[in-house]
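**Student:** Chain by chain, the residues run as shown.
Number of protein chains: 2
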Amino acid sequence: MAKAYETIADTLRAEIRSGRPAPGARLASEDELSDRFGYSVPTVREGLRVLQSEGLIEKVHGRGSFVRAPRPRVRRTNARHQWEKDRARAPEPVRLETGATEHDTGLDLGDLRFSAVYREIEAPRDLAGAMGVEPGTPLVERSYRTRYERERVPVNLSTSYLVRAQVEGNPDLLDAAREPWPGGTWHQLATVGIEIDRVEERVMARPPTSEEAAELGLPPGTSVLVLHKTCYDTGNRVVETSRVVLPGDRTELLFTTPLERWRAE
Amino acid sequence: MAKAYETIADTLRAEIRSGRPAPGARLASEDELSDRFGYSVPTVREGLRVLQSEGLIEKVHGRGSFVRAPRPRVRRTNARHQWEKDRARAPEPVRLETGATEHDTGLDLGDLRFSAVYREIEAPRDLAGAMGVEPGTPLVERSYRTRYERERVPVNLSTSYLVRAQVEGNPDLLDAAREPWPGGTWHQLATVGIEIDRVEERVMARPPTSEEAAELGLPPGTSVLVLHKTCYDTGNRVVETSRVVLPGDRTELLFTTPLERWRAE
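Chains A and B, in that order, give the protein sequences.
Residue numbers for the first sequence follow full-length UniProt numbering, so the first one is 1 and each next one is one higher.
Residue numbers for the second sequence follow full-length UniProt numbering, so the first one is 1 and each next one is one higher.
Wrong hints could be hidden among the right ones.
The list makes no distinction among identical chains, and a pair is therefore deemed to hold if it is satisfied within one copy or across any two copies.
[What the hints assert, rightly or not] Computed list of lysine to aspartate or glutamate pairs in DMTMM-like fashion (alpha-carbon distance at most 25 angstroms, straight line):
hint, residue 1, residue 2
1, K229, E200
2, K85, E260
3, K59, E6
4, K3, D126
5, K3, E211
6, K229, E120
7, K59, E120
8, K85, E215
Keep in mind that the hints were calculated from the coordinates and are not lab data.
Computed from a prediction, not measured in an experiment: that's the story for all the values here.
Hey, can you work out the whole structure from these sequences and the hints?
**Tutor:** Quick look at the structure:
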């Protein structure tokens with residue numbers, strides 16, 4: 001059975017999605033909503049908090065709650081990994097056509113703006129542990145930002161790490177000017193003989209830091225998903241780790257786990 | 001390179017983990033920390049917010065920040081699904097030994113307290129959509145709470161749904177008094193001839209509602225992971241959905257995706 005605040009949130013969400021009230025409009029006041037739904041003001045506030053965490057409304061101190069312009073949702077699936085692996089072996093014209101973010105968003109390359117910054121660092125203790133190398137080992141740190149052309153903020157904050165000694169055999173892999181690389185990291189690694197065997201993804205949730213909120217355009221009352229990805233090669237070495245911060249108001253992760261069939265007994 | 005607030009958070013986190021300051025103790029004031037680290041008070045606050053989101057400290061209005069008694073972390077993996085599927089075919093003595101939560105926490109059944117409440121409902125629109133049935137179809141709603149014996153709050157809030165018509169062939173499946181069921185849902189479904197083929201898990205992040213915060217013992221400044229799980233049987237029917245709310249200060253989800261090997265070209 002839906003709880004009272006869920007009923008309020010469900011009703012207002014449906015109204016906002018149908019376009020009335022429209023983006024930019026002020027919602028009815030908490031007192032008015034309390035009268036309308038026949039629930040207490042604290043219950044109304046709880047319902048509004050749900051819509052706030054979904055990025056549908058924004059509270060402006062002393063002025064009330066306003067409908068936000070809806071942001072396209074981004075679904076990121078673990079099916080992308082096999083897709084990326086297959087694509088790494090595709091001919092260059094195919095690899096040029098699309099990247100993993102386009103795969104997730106269903107958009108064309110032309111709708112997205114991409115940037116990459118490379119930097120060489122010495123592995124700090126936590127990254128060294130995650131990558132199975134000694135602290136101080138040279139790493140290539142790569143920061144990626146992808147945004148919808150019509151938005152000002154990226155869809156996530158992504159930082160990837162490679163072990164320099166594993167990839168320096170191909171100097172192009174150290175050069176951000178080669179980005180966006182057709183076929184992405186999976187093809188880059190293939191050029192130095194690395195095949196990825198499996199991907200591990202650890203997922204956590206927390207409020208954004210104020211820097212993350214600013215860079216991702218997150219209003220107060222939202223959360224982020226933090227994803228730590230580790231790619232192992234067929235020799236069981238860690239060949240890439242990445243840390244991705246994804247806005248909770250627009251991101252859904254989807255993981256499918258296939259299972260072995262029972263044999264007849 | 002670590003940002004200033006991260007350096008502050010990392011240093012204080014290491015101190016708290018080493019036991020000084022101890023749980024219950026008050027942290028140095030923001031001004032004192034600003035002097036100690038040589039960063040501004042807003043930067044110190046940002047560092048403290050990180051520790052707050054991890055559940056390591058709690059801000060008490062007007063009194064400062066206090067170290068919280070650390071809660072054991074819970075890691076939930078998608079490897080649990082194959083493990084649960086295999087266990088459903090194990091002999092009863094094996095099935096009696098352990099459940100999926102024990103599998104995740106590494107604890108014995110004796111360390112955990114378990115409760116289950118069953119209720120029959122008519123599928124509301126959203127659940128009907130998720131389960132591929134008509135709205136109004138009878139469902140069995142099952143609410144599960146598992147907690148560490150020495151804690152007062154459960155490790156998550158879990159609600160599972162079965163389609164009544166799919167399971168009523170075994171009346172025991174409608175009776176909460178049969179819980180905890182040796183071998184869990186996977187064995188329950190096997191008793192009515194259902195084999196699960198794959199599991200889909202959608203993951204989102206948001207702040208807790210005030211009810212969730214109270215039930216999970218979550219302090220302000222934390223988030224929750226929301227997991228929607230869908231189990232498909234070998235005939236591609238949805239046979240179970242569940243909605244699990246997991247506290248962000250102690251939960252880590254781990255998904256492993258194995259990949260097909262490249263063949264020699």
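**Student:** For every hint, state whether the structure bears it out.
**Tutor:** How the hints compare with the structure:
For the homomeric pair K229 and E200, the shortest alpha-carbon distances inside one copy (6 angstroms) and between copies (19 angstroms) are both at most 25 angstroms. For the homomeric pair K85 and E260, the shortest alpha-carbon distances inside one copy (22 angstroms) and between copies (9 angstroms) are both at most 25 angstroms. For the identical chains of this complex, K59 and E6 are intra-copy neighbours only, at 18 angstroms inside a copy versus 29 angstroms across copies, given an alpha-carbon limit of 25 angstroms. When the C-alpha separation of K3 and D126 is checked against a cutoff of 25 angstroms, the pair qualifies only between copies, where the shortest distance is 15 angstroms, while the shortest distance within a copy is 43 angstroms.
For the homomeric pair K3 and E211, the shortest alpha-carbon distance between copies (10 angstroms) is at most 25 angstroms, but the shortest distance inside one copy (35 angstroms) is not. In this assembly of identical chains, K229 and E120 lie within 25 angstroms of each other by CA distance solely inside one copy; the values are 20 angstroms within and 40 angstroms between copies. In the homo-oligomer, the alpha carbons of K59 and E120 never lie at most 25 angstroms apart, since the shortest distance is 42 angstroms inside one protomer and 38 angstroms across protomers. Taking the closest pair of Cα atoms, K85 and E215 never come within 25 angstroms of each other, the shortest separation being 30 angstroms inside a single copy and 43 angstroms across copies.
The structure fails hints 7, 8 (numbered hints given earlier, in ascending order).
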